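My numbering numbers the first residue of the sequence shown as 157 and each following residue consecutively.
Simulated from the structure, these hints should not be mistaken for laboratory data.
Since the model is a prediction, treat every value here as computed from it, not as a measurement.
Only true hints are included.
Once the Cα atoms are required to be at most 30 angstroms apart in a straight line, the calculated DSBU-like pairs of lysine-lysine come out as:
(1) Lys240 - Lys256
(2) Lys196 - Lys282
(3) Lys269 - Lys240
(4) Lys240 - Lys222
(5) Lys277 - Lys215
(6) Lys289 - Lys196
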Amino acid sequence: MRGEYRHPEGGPMRTKLIALLVLGLPLVASAQNSPLGRWKTLDDETGKVMTVTEVYEAKNGTLAAKIVEAVNSAAATCAKCSGKQKGQSTVGMNILWNLKPIAGGWGGGQGFKPSSGDSFKVKSVKLVDGGNKLEVTGCKFVFCRSATWVRAH
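Kindly produce the complete structure, drawing on both the sequences and the hints.
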């Protein structure tokens, strides 16, 4: 015990610090293995950030995503939407919903792309690039396309 500082509550301070670090590492790692959180969506043609979208767990246990910030003024309103959504703010708009776990990710839900006003079936949502990117693949009829979202830090 000579020369070693002991915490007043009994255990060595170093042991508690190491335990805290070891217990905290899985939390950091799991954040990168989950699509939950904020993502930047990119314009198909320019690659510039259009919106910040939050992926969250819905009340029914599925995953969903909604726009929380319109970065680009072109993405601020739903100009190509029809019905009651036409001309409305995209902030707060759900763009993915009812995503369920599938092999390698999530899928089986529905999606909506405000920039085109199109609805689609979500084939898959997969984490790529070590959890820093999210690949969203949607299909309309037999035609499918993918978009890559970038994690907002």
